[in-house]
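Q: Going down the list, the sequences are from chains A and B. The numbering of the first sequence is our numbering, which starts it at 1 and goes up by one. The numbering of the second sequence is our numbering, which starts it at 1001 and goes up by one.
For the record, the hints were derived by calculation from the structure and aren't laboratory data. Among the hints, erroneous ones may be present.
To be verified - Okay, derived cross-link-like pairs now, DSBU-like style, lysine-lysine, Cα gap no bigger than 30 Å in a straight line:
no., chain 1, residue 1, chain 2, residue 2
1, A, Lys512, B, Lys1071
2, B, Lys1043, B, Lys1004
3, A, Lys406, A, Lys431
4, A, Lys515, B, Lys1158
5, A, Lys131, A, Lys209
6, B, Lys1042, B, Lys1122
7, A, Lys592, A, Lys431
8, A, Lys638, A, Lys592
9, A, Lys500, B, Lys1096
10, B, Lys1004, A, Lys500
11, A, Lys592, A, Lys515
12, A, Lys44, A, Lys18
13, A, Lys365, A, Lys431
14, B, Lys1158, A, Lys512
15, B, Lys1122, B, Lys1071
What the hints assert, rightly or not - The following label-pair restraints were derived from C-beta to C-beta distances:
no., chain 1, residue 1, chain 2, residue 2, range
16, B, Glu1069, A, Asp547, 56 to 64 Å
17, A, Lys613, B, Leu1224, 44 to 52 Å
18, A, Ala433, B, Leu1224, 50 to 58 Å
None of these values were measured; they are calculated from a predicted model. C-beta atoms are modelled at their ideal positions from N, C-alpha and C, and glycine is treated no differently.
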Amino acid sequence: MFRSTLYQKFMNLPLRAKFLLSFFLVIFFGGLLILTIGTRIEHKTIFSLAQAKVRHDLAAAWMVYNERLNDIRDIVLFNSNRDSLQKALLNNQRQVLLSYLNRVREQFKLDILTLTDAQGKVICRPTQPEKRGDDKSSDPFIQRSLQGQVVVGTDVLSREDLLLESPELAQQAFIRVVPTPKAAPQTEKVEERGLVLKASAPLIDNRGKIIGVLYGAVLLNNNFEIVDRVKEIVYKGEKYQGIDIGTATIFLYDLRVSTNVLEANGRRAIGTRVSREVRQAVLIEGQSWVDRAFVVRDWYITAYDPIRNIEGQIIGILYVGMLERPYIDLRNKVMMTFAGMAGLSAIILLIILFSITSSIIHPVKSLAEATKRIANGDLNHKVVIPYRDEIGELAQSFNQMTENLKKANQKLLQWGKTLEKRVEERTRELKEAQDSLIQSAKLASLGKMAAGVAHEINNPLTSILLNTHLLLESLEPDDPRRESLEMIAEETTRCASIVKGLLEFARQSPPKKRKTDINSLLLNTVQLLENQAAFQNIEIKKNLAPDLPPLELDSNKVKQVFWNMMINAAEAMPRGGTLAITTRLSTDKNDKKHVEIIFSDTGIGIPKENIPKLFDPFFTTKVSGTGLGLAVSYGIIKQHKGNIQVESQVGRGSTFIISLPVEKEDRRQGGSHE
Amino acid sequence: MNEKKRILVVDDEINVCKSIRQAILREDCEVDMALSGEEALKKDAQKAYDLVITDLMMPGISGLDLLRELKARRPEVDIIMITGYPTIRTAVESIKLGAFDYLPKPFTPAQLRNLVHRVLKKRQQVQDQPVKQKPKDIPPGLFYMIGHTWLKVESETKGRVGIMADFFQSIGRLVSLDLPEVGQIVQQGEPCAMLVDDMNFSYRIWSPASGRVTGVNMSLKENLDVLPKDPYEEGWLFTLELSSLEEDLEGLVQSK
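Using the sequences and the hints, build the whole thing.
A: Here is the structure:
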């Protein structure tokens, strides 16, 4: 749940943020991992190097240490073989011995140089000549030398021994124990024993008899010769921030008795103790210790070796240490450089990434923008991405899609328009067909009715007309009633003419068709009419198409139609005008051929609302006239399977288009009449 | 002319009968009425009428049946057909069956009187000159509407039209003549020309055929007298381009 919402949150981020965040995470964790591993490796490398070095340094320290031991042995051995010393001993010349030994001791800087007899009793001790006669035969060195060996090693001298040798030595050896952190608990407050480098050699006379033992020693407590020498030889006195890099220490057990490790106050850290760990490893387990260790007040990379006496017992520790801080600092410096470089790389990467994501996101954004615009209906918007990568391709596809969409849209629009147009067309056609049907129905029913009605009406009209006239005849010429009667007669006559028209209309005998040239039929009608008074001011323009196919029609009836058309045109132009008569061959949408006869006048025109009623019987706008002319014409044209259409504009004129089909099958039958 | 002329008006509508009777009632005439064809035949049997004016459409015996019957009984009787539903077919049929004329309803007293006058005048002349030949010299081969017009078929599509000689017996001296114009379409059984006599009566001339007028006899305009004198030759009215000869001939009588 949490993860999914986190994921959701991430997915909701802007693309750029997503990119950057992903890359940042990769860089961050990658960098961190590399840094960690690097640190480890570096640490290990540096420290193993350092440890190797410190191990090496320890070896060097041992060389210095052993050199000094050998030095003492050599002195002891050399002098034990001196004839003068043997003679003086054999001759018991104490004064000679004293001065000789004292001279040698001073010359070779030995703290102790003592001579015993063949039993191990001290004969001569130049450091304290009055102390003699003490038995050293229990001393392992003396024991072995009494058996003829030259012995050299490190030894621990008790305070009593030291006091015997020299009270100054005992004093030199005295060390106050300093409580040291990390050290093992210790009850003693002072150390009075002394750690010494010691050698002993037997004095052997000419006959090979051991006549005494000479032993010498150097006290290491508070003696910094070896440690400083180690520092000098191994570390060449190098310092780091005022602190010696290299340190060396000689422990008596776990107590620093000789060292150049300094305390905070700059004093040598004599009296401090080794850490518990080292003590355990080196003193108790007798192993070498190489590791970092906290020495007095700093971390050192250290190496400890146990110091053993000649019997193999551990009595102390030799130590060398390198200040860790330079390594740490080096390491830190490397780490810092590494981290800095990593950080810089990350920043550079991020900058590059930013610009790369920009170059990716910008087109994506413009695509998104374009999508929005298209969604809002702007199909003219184009995405311009000049690259040829996937996004470029996408943009191209997108533009293509938009283009297609636009085309489809246009098509749809166009289709919609044509559909509308077609619907309109069909509606009009339907309406025309319906109108025509209605017209035909009207005509048919009217025809039937007319026949019946005409007869019935004509009878009363006969009575009225006759009697009116009879009355008129009976009146005096100046009788005022004449006017009324004349009016009755006139109106009755008008009724009669209406009925007559109706009858003519109803009397639709089947047409007698024969092949007719429509142009000459038309010209004929024009000829008849153009000299009539109604056409005085009318210009007749004829535009007749030559080579029209002859039509099968009842020329008398069609002529009547032409007659009606022309009379109507003339009546629409009481003040003159132009009547254009056109014939032409046309082909309708069903590929059927028609001859069209067009009468176009410049008359008063027909109001739109009147056009549908135009062919209704008795529809007339004229004061005189029966309103049957156009109805009859319509009927005749319908009998010929033709059509009459009207186009008109009030004030501009009307156009009547008569179309008659060119019937092929009729032609085959020849001009037979019905 | 001591004997009163006997006229019978036949119409199924009493008002029409009465009105017609009123219109033509003259001192020298006896006008009777019949409301059906049956009644008319009955009355005619009792009293031989000079003139029968009969409606065409009547219940029972129709006007045409009556015409046929009367003409069969007494060929000398004159009959005027009147109808509220005039058609060319019935008009032509009537003339062919020997009707004197055919008058569509409604008409004025003058129109009817004119016809009656013509009938009476003709009968008077016939009575006065009983020896005088009737349509004696109708040239053979002519097609004609009895008492009206003739058609001379010159070719399959060309014809010549004139007025029958006996027509002039029923009218006064001609004073004017209206002829159709060239190019005009005329139809059988419809008026194609108009005559006016010295009594100012006008007479419609029925066209014997249908077609387009191709020429008119212009000489008649100058000398109308040629018309009654030589009705079959010099007195022709106009030439026609015949449009439906075959059909037209059915409504015409051919002279022998």
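Q: Straight-line Cα separation of A/Lys638 and A/Lys592 no greater than 30 Å?
A: At roughly 16 Å apart (the allowed maximum being 30 Å), A/Lys592 and A/Lys638 satisfy the hint.
Q: Is A/Lys406 close enough to A/Lys431, meaning Cα to Cα at most 30 Å?
A: Violated, at roughly 36 Å.
Q: Going straight from one Cα to the other, do A/Lys592 and A/Lys431 come out at no more than 30 Å?
A: Holds, at roughly 21 Å.
Q: Going straight from one Cα to the other, do A/Lys512 and B/Lys1071 come out at no more than 30 Å?
A: Outside the cut-off at roughly 33 Å; violated.
Q: Keeping to a limit of 30 Å between CA atoms, is the pair of A/Lys365 and A/Lys431 held or broken?
A: violated, 56 Å
Q: For a C-alpha distance cap of 30 Å, please report whether A/Lys515 and B/Lys1158 respect it.
A: OK: A/Lys515 and B/Lys1158 at ~17 Å, within 30 Å.
Q: Is the straight-line distance between the alpha-carbon of B/Lys1158 and that of A/Lys512 30 Å or less?
A: Satisfied, since the Cα-Cα distance of roughly 18 Å is no more than 30 Å.
Q: Could you grab the alpha-carbon distance between A/Lys44 and A/Lys18 and see if it respects the 30 Å cut-off?
A: Answer violated: A/Lys44 to A/Lys18 is near 38 Å, above 30 Å.
Q: Is 44 to 52 Å right for how far apart the beta carbons of A/Lys613 and B/Leu1224 are?
A: holds, 48 Å
Q: With a cut-off of 30 Å on the C-alpha distance, tell me whether B/Lys1122 and B/Lys1071 pass.
A: Given pair B/Lys1122, B/Lys1071 holds - Cα atoms ~17 Å apart, limit 30 Å.
Q: Quickly compare the C-alpha distance for A/Lys131 and A/Lys209 to 30 Å and report which way the hint goes.
A: holds, 26 Å
Q: Against the 30 Å threshold, does the CA-CA distance of A/Lys500 and B/Lys1096 hold or violate the hint?
A: Roughly 23 Å separates the two Cα atoms, so the pair holds.
Hint compliance for this structure: hints 1, 3, 10, 12, 13 are not met, and every other hint is.
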